[in-house]
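Work the whole structure out from these sequences, hints included.
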Amino acid sequence: MNFFQYTEAKTARDAIKAKQEKEASYFIAGGSNLVDMMKEGIQHPQQLVDINTISGLRDIKNTGDTVYLGTLASNTAAAESEKIINFAPLVSQSLVKGATQQIRNMATIGGNLMQESRCPFFYDVSAACGRRTAGDVCPTVTAKDGIRTNALFGLNESCNTPHPSDMAVGMLALRSKVVLQSKKDTRKLALDKFYHIPVKENTKITHLQDDEMIVGVEIPLEHGFNHSAYLKVRDRKSYAFALISGAAALNIQTGTILNAGLASGWVGTIPWRFEEAENFLQGKAATESNFRQAAKIAISDAQPKKNNAFKVKLLEKILVRTLLMAKETPYGTNN
Amino acid sequence: MEQITKPLNRVDGPDKVSGKITYANDVAIDKLAFGYLVSATIAKGRVTSIRTDKARSQKGVLQVFTHENMPKLYSPPTYISPFDPSGDSGQQKHVPMQDDKIVYDLQYVALVVAESFEVAQEAGHLIEVSYEEEKGTYEEHPNPKDAEELEFLFGIMEGDYHRGKPEAAFEASEVKLEQTYTTQTMHHQPMERHGTTAVWNAGRLTVYEPTAWIFGHRKGVAEMLGMPVEDVTVISPYVGGAFGGKGLVAPHTGIIAAAAKEVNRPLRVELTRKQLFGCVGLRSATHSEVKIGAEKDGTINSIIIHTTGETPEFQKTAFESSVIAPRMMYSNPNMRAKMEVAPVPMSGPVPMRSPGEASGLFLLESALDELSYKLGMDPIALRKKNHADINLETNLPWTSKHLNECYDVGAKKFGWDKRNPKIGSMRKDGMLVGYGMASGSYPTLFHPASAKAKFLADGTVELIVGTQEIGTGTNTIIRQIAADYLGVAIEKIKVVMGNTRYPKTPPTVAAFTAASVGTTVAKVCEQLKTNLIRRATTNEASPLFGLKAETLNISNGTITNGTKEESLQTTLKRAGRPYVETQLQTQYSPEMFKKSSSSFGANFVEVEVDPITGWASLKRIVGVYDCGKIINPKTAHSQLIGGCVFAIGMAMQEAAERDLSNFRYLNSDLGGYHMPVQADIPDLDLSFLDHTDKEANILEVKSVGELGGVGLQAAIMNAIYHATGIRIRSLPYKPEKLLEIAE
Numbered sequence: 054m055n056f057f058q059y060t061e062a063k064t065a066r067d068a069i070k071a072k073q074e075k076e077a078s079y080f081i082a083g084g085s086n087l088v089d090m091m092k093e094g095i096q097h098p099q100q101l102v103d104i105n106t107i108s109g110l111r112d113i114k115n116t117g118d119t120v121y122l123g124t125l126a127s128n129t130a131a132a133e134s135e136k137i138i139n140f141a142p143l144v145s146q147s148l149v150k151g152a153t154q155q156i157r158n159m160a161t162i163g164g165n166l167m168q169e170s171r172c173p174f175f176y177d178v179s180a181a182c183g184r185r186t187a188g189d190v191c192p193t194v195t196a197k198d199g200i201r202t203n204a205l206f207g208l209n210e211s212c213n214t215p216h217p218s219d220m221a222v223g224m225l226a227l228r229s230k231v232v233l234q235s236k237k238d239t240r241k242l243a244l245d246k247f248y249h250i251p252v253k254e255n256t257k258i259t260h261l262q263d264d265e266m267i268v269g270v271e272i273p274l275e276h277g278f279n280h281s282a283y284l285k286v287r288d289r290k291s292y293a294f295a296l297i298s299g300a301a302a303l304n305i306q307t308g309t310i311l312n313a314g315l316a317s318g319w320v321g322t323i324p325w326r327f328e329e330a331e332n333f334l335q336g337k338a339a340t341e342s343n344f345r346q347a348a349k350i351a352i353s354d355a356q357p358k359k360n361n362a363f364k365v366k367l368l369e370k371i372l373v374r375t376l377l378m379a380k381e382t383p384y385g386t387n388n
Numbered sequence: 003m004e005q006i007t008k009p010l011n012r013v014d015g016p017d018k019v020s021g022k023i024t025y026a027n028d029v030a031i032d033k034l035a036f037g038y039l040v041s042a043t044i045a046k047g048r049v050t051s052i053r054t055d056k057a058r059s060q061k062g063v064l065q066v067f068t069h070e071n072m073p074k075l076y077s078p079p080t081y082i083s084p085f086d087p088s089g090d091s092g093q094q095k096h097v098p099m100q101d102d103k104i105v106y107d108l109q110y111v112a113l114v115v116a117e118s119f120e121v122a123q124e125a126g127h128l129i130e131v132s133y134e135e136e137k138g139t140y141e142e143h144p145n146p147k148d149a150e151e152l153e154f155l156f157g158i159m160e161g162d163y164h165r166g167k168p169e170a171a172f173e174a175s176e177v178k179l180e181q182t183y184t185t186q187t188m189h190h191q192p193m194e195r196h197g198t199t200a201v202w203n204a205g206r207l208t209v210y211e212p213t214a215w216i217f218g219h220r221k222g223v224a225e226m227l228g229m230p231v232e233d234v235t236v237i238s239p240y241v242g243g244a245f246g247g248k249g250l251v252a253p254h255t256g257i258i259a260a261a262a263k264e265v266n267r268p269l270r271v272e273l274t275r276k277q278l279f280g281c282v283g284l285r286s287a288t289h290s291e292v293k294i295g296a297e298k299d300g301t302i303n304s305i306i307i308h309t310t311g312e313t314p315e316f317q318k319t320a321f322e323s324s325v326i327a328p329r330m331m332y333s334n335p336n337m338r339a340k341m342e343v344a345p346v347p348m349s350g351p352v353p354m355r356s357p358g359e360a361s362g363l364f365l366l367e368s369a370l371d372e373l374s375y376k377l378g379m380d381p382i383a384l385r386k387k388n389h390a391d392i393n394l395e396t397n398l399p400w401t402s403k404h405l406n407e408c409y410d411v412g413a414k415k416f417g418w419d420k421r422n423p424k425i426g427s428m429r430k431d432g433m434l435v436g437y438g439m440a441s442g443s444y445p446t447l448f449h450p451a452s453a454k455a456k457f458l459a460d461g462t463v464e465l466i467v468g469t470q471e472i473g474t475g476t477n478t479i480i481r482q483i484a485a486d487y488l489g490v491a492i493e494k495i496k497v498v499m500g501n502t503r504y505p506k507t508p509p510t511v512a513a514f515t516a517a518s519v520g521t522t523v524a525k526v527c528e529q530l531k532t533n534l535i536r537r538a539t540t541n542e543a544s545p546l547f548g549l550k551a552e553t554l555n556i557s558n559g560t561i562t563n564g565t566k567e568e569s570l571q572t573t574l575k576r577a578g579r580p581y582v583e584t585q586l587q588t589q590y591s592p593e594m595f596k597k598s599s600s601s602f603g604a605n606f607v608e609v610e611v612d613p614i615t616g617w618a619s620l621k622r623i624v625g626v627y628d629c630g631k632i633i634n635p636k637t638a639h640s641q642l643i644g645g646c647v648f649a650i651g652m653a654m655q656e657a658a659e660r661d662l663s664n665f666r667y668l669n670s671d672l673g674g675y676h677m678p679v680q681a682d683i684p685d686l687d688l689s690f691l692d693h694t695d696k697e698a699n700i701l702e703v704k705s706v707g708e709l710g711g712v713g714l715q716a717a718i719m720n721a722i723y724h725a726t727g728i729r730i731r732s733l734p735y736k737p738e739k740l741l742e743i744a745e
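If you read the protein sequences in the order shown, they are chains A and B. For what it's worth, our numbering labels the leading residue of the first sequence as 54, then goes sequentially. For what it's worth, our numbering labels the leading residue of the second sequence as 3, then goes sequentially.
There could be a bad hint or two in this list.
If you want the ones that stay clear, here's a sample from chain B, every Cβ over 10 Å from chain A, calculated [stated by the list, open to error]:
id	residue
1	GLU297
2	GLU372
3	ASP380
4	GLU493
The calculated DSSO-like cross-link candidates involving lysine-lysine, where the alpha carbons are at most 30 Å apart (straight line), are [claimed, not checked]:
id	chain 1	residue 1	chain 2	residue 2
5	B	LYS414	B	LYS8
6	B	LYS736	A	LYS380
7	A	LYS290	B	LYS739
8	B	LYS506	B	LYS95
9	B	LYS276	A	LYS290
10	B	LYS276	B	LYS22
11	A	LYS349	B	LYS736
Covered by chain B, per the in silico footprint, the following chain A stretches (three or more residues, Cβ under 8 Å) [unchecked claim]:
id	stretch
12	168-179
13	364-373
To be clear, the hints were calculated from the coordinates, so they are not data collected in a lab. In this text, all values refer to a predicted model and were calculated from it rather than measured experimentally. Where is the CB? At the ideal position from N, CA and C, for every residue including glycine.
Below you can see the structure in the form of structure tokens.
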């Protein structure tokens, strides 16, 4: 049997220290992803460091300038929080489309951001997978026609499976920051700087350091977003990953867009933000024709193969619909 | 008749929902060992080496079996007529772990036996297998270019059927339709996984197994092990879902039984969820070329269907036989219905919910919808115009048929008159709205069964029947039938089932349990009733002595003619016996072949489609069904719901995804294989017409269970076409299929 050590941490520093002391150590919070991988033989931890025992990491706060989510807040708690619903509803709108109620009850904010690939090749230990084994190349990367699910953006020579999170897409459109703590200090990384495109040399897709832990996510309120929507198009209406999702946050004042956040799930190897489309929308009227132009800009550098070519057009259409939905959904009218 | 037609709750309902029911692999057994089957990671090729030393060295491992040390197992030779009442049963000829060959993905290559499941699983992960993979290129659907002759079509049907002059009649028609329709590979995925608990005792074997056919399993296991059927007992107290699966014995049962004998311990092995995707059968994909020739007034002259189904490379069998239902659906004098199969590396297919009818009426009812647009005719009017007044396949009259009434009642409930026939003309809240309809039908089949009825001294009755409870409510309706046919209160009736030591019955498939087991129960109860009455009328001490048996009846446990009476318990006590029992076996009779019996239905669907993204949602479904007398409206209604949910899964979202470079399954878990969840199911308004069928059988019932899943697939696609002008001829719907929607 594969025995492992189980350590309860009382503080973030203790947790980092314990993790560094042993090879193949993992933090465990909700366990909704890690335990699955252990059962499938994908992860063989020598130690699990339980961070549920650390106090103060479950808070959801409104500081005036930001809404702050502690890393251990459950996905359900975050989705149902009045502070989120009133001030950053896109987080709630995206969260409730993810997984199932039972999984959301267990899953945490930090765990959601760190969740692993959901690709069948990742879960099939007999297959080559660049996200399971450094240096491996996924067979779908080299396959001429690709596969239906693969990403359109952030392609690389190792793994082109899309990032699975819904919540991260919503947070990305809101320009959220991840709060990281090391033994010495804390730092904040914008979510689009937190993730990086997969590389062949290692299996990571974040800039999280070995001696760091996610302690929370900060959602800035300075952009003044007052409308938002999340649209998740998928093969089953619940308990299914997206085929493509769209997240839009808009600051609309008397019909003019002062600021726009636009992101998408299951089109990028990491949660994907459309900055050029956001810039285009700034100062424009909130009209369908402007939304259509923004969507065109968003898809302009997509890199499809034959089997996922349809995703380019579908993405464009989903972004138009998401922006229209956002326009119709002022803060306080959804959930 | 008091209990039949009552919407009674299931007898086992409370125990099921409170977790008290013991399923086959929950049965407590002393000294039980546990196993874990290791599956291949290629779909075609051979095992070049298999290293088990690490697995063997794990503490608690008792034995590791591979093809190198597995006892000899025999191929079940009688798989070819699985619904033959002789008890033949077998999913496939191929038995894994007998040689180094791999002929389908997830095929078993090793079995670890250990003291606990956890140890067996961990050791299983430590087995290192090397393969030589045979490369191939594959397609999503069977290709008619690769088609070969079928070995059988349910053992009874012609694989190449025709009547009249189909080709000439098609050519001579004023309006011609030619289209290709495909359906996908689907998996059953019942909540309860397959598994076997094998217990040997002095050379005799007892198998606990969730199965939809205990007697078929008994024969299949005996054949695989090369032992007499009499030495095998199969027990299946409850089954946690079957849906057409679990009916034909799959290879794991023989492997596990042989291993249990070898390690000399009772052994339990449950398959993994993933193994259910590859090893226990599936609904195979189909490719159908369809031609319909009609006159401008809507009269259909000819229907020609050529279906190619997916089949394993080691046997040419198919249960998704699209060519059966269309033969008798309409009044076309000319018909060809040909089924062939194209081999791919897969395990033996098995029936799955409405096997054949599901794909057969998808193609036929889609094609009829297409024809209705070509003709500019209302889809219901077209169907009525071509109503089959008799079954043209057999040239027999129907026992009853109220299909036109199904259309009328359904259209009224649904509001079909509000449909604007123009494509894309209906909108609601900015969304495109589509209305679609389709017919449905399912035959009423009968297979001989036997049953024993026993009247006991305490006034209770035991009904002993081999049949199995797969969740449809069989033991509930048996009680209702027995109560009425015996004249005993329903609380006094106990049903004992699910054991091959009990009287023999056919499988629980194809919606024939009520017509087969149900009528047998009715007859054995009549026989017991006659027996009990005669005991009273022939005994001088009885107040009923000398009365004619025909003048007497049993009511509430008492024999009576209205004035004189005697309780059954008194009759029994006087006879000085602890019980009176009688057993009976029903048979086919010539009468059964003088008329054709089928249930019919009409499906109506409303869909909404986003005109920008093309994303479709089902809004509501109306189904009206003609199924004869309904023994239990509650359990029957539940079965219709289940059928509809299966059809929605097939139409909208379920499909095996396979890597076409090696034919391995890609979405083999419940997260990736998109069976419907609550959010996928719209409002279902499903109802029965209030007709009985006196010609069908003594219970006046027709088939129920499968009908909800027939025709609805087409009705959904017809509604999508009405909303968007895009015809989906390849199931299932996927968001990208409506991408070309006109904005």
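Verification of the supplied hints:
Separation of GLU297(B) from chain A is adequate, the least Cβ-Cβ distance of about 40 Å exceeding the 10 Å criterion. With a least CB separation of 24 Å from chain A, GLU372(B) remains clear of the 10 Å interface cut-off, as annotated. Interface exclusion of ASP380(B) from chain A stands, the closest Cβ pair being 31 Å apart, more than 10 Å. Look at GLU493(B): its CB is around 39 Å from the nearest CB on chain A, clear of 10 Å, so calling it non-interface holds up.
With a C-alpha separation of about 26 Å, the suggested pairing of LYS414(B) with LYS8(B) holds against the 30 Å cut-off. Only pairs whose Cα atoms come within 30 Å are accepted, and LYS736(B) paired with LYS380(A) is accepted, the gap being roughly 27 Å. Taken as a hint, the LYS290(A) and LYS739(B) pair is honoured in the structure, with Cα atoms around 17 Å apart against an allowance of 30 Å. Between LYS506(B) and LYS95(B) the CA atoms are separated by roughly 24 Å; this keeps the pair inside 30 Å, and the hint holds.
With a C-alpha separation of about 23 Å, the suggested pairing of LYS276(B) with LYS290(A) holds against the 30 Å cut-off. Of the pairs offered as hints, the one joining LYS276(B) and LYS22(B) holds, with about 27 Å between alpha carbons and a cut-off of 30 Å not exceeded. Between LYS349(A) and LYS736(B) the alpha-carbon distance is near 23 Å, which keeps this suggested pair within the 30 Å criterion. Residues of the stretch 168-179 of chain A lying with their CB closer than 8 Å to a CB of chain B number 5, which satisfies the three-residue condition for coverage.
Using a Cβ-Cβ cut-off of 8 Å, 6 residues of the stretch 364-373 of chain A lie near chain B, which meets the minimum of three, so the contact claim holds.
In terms of the numbered hints stated before, the structure departs from none.
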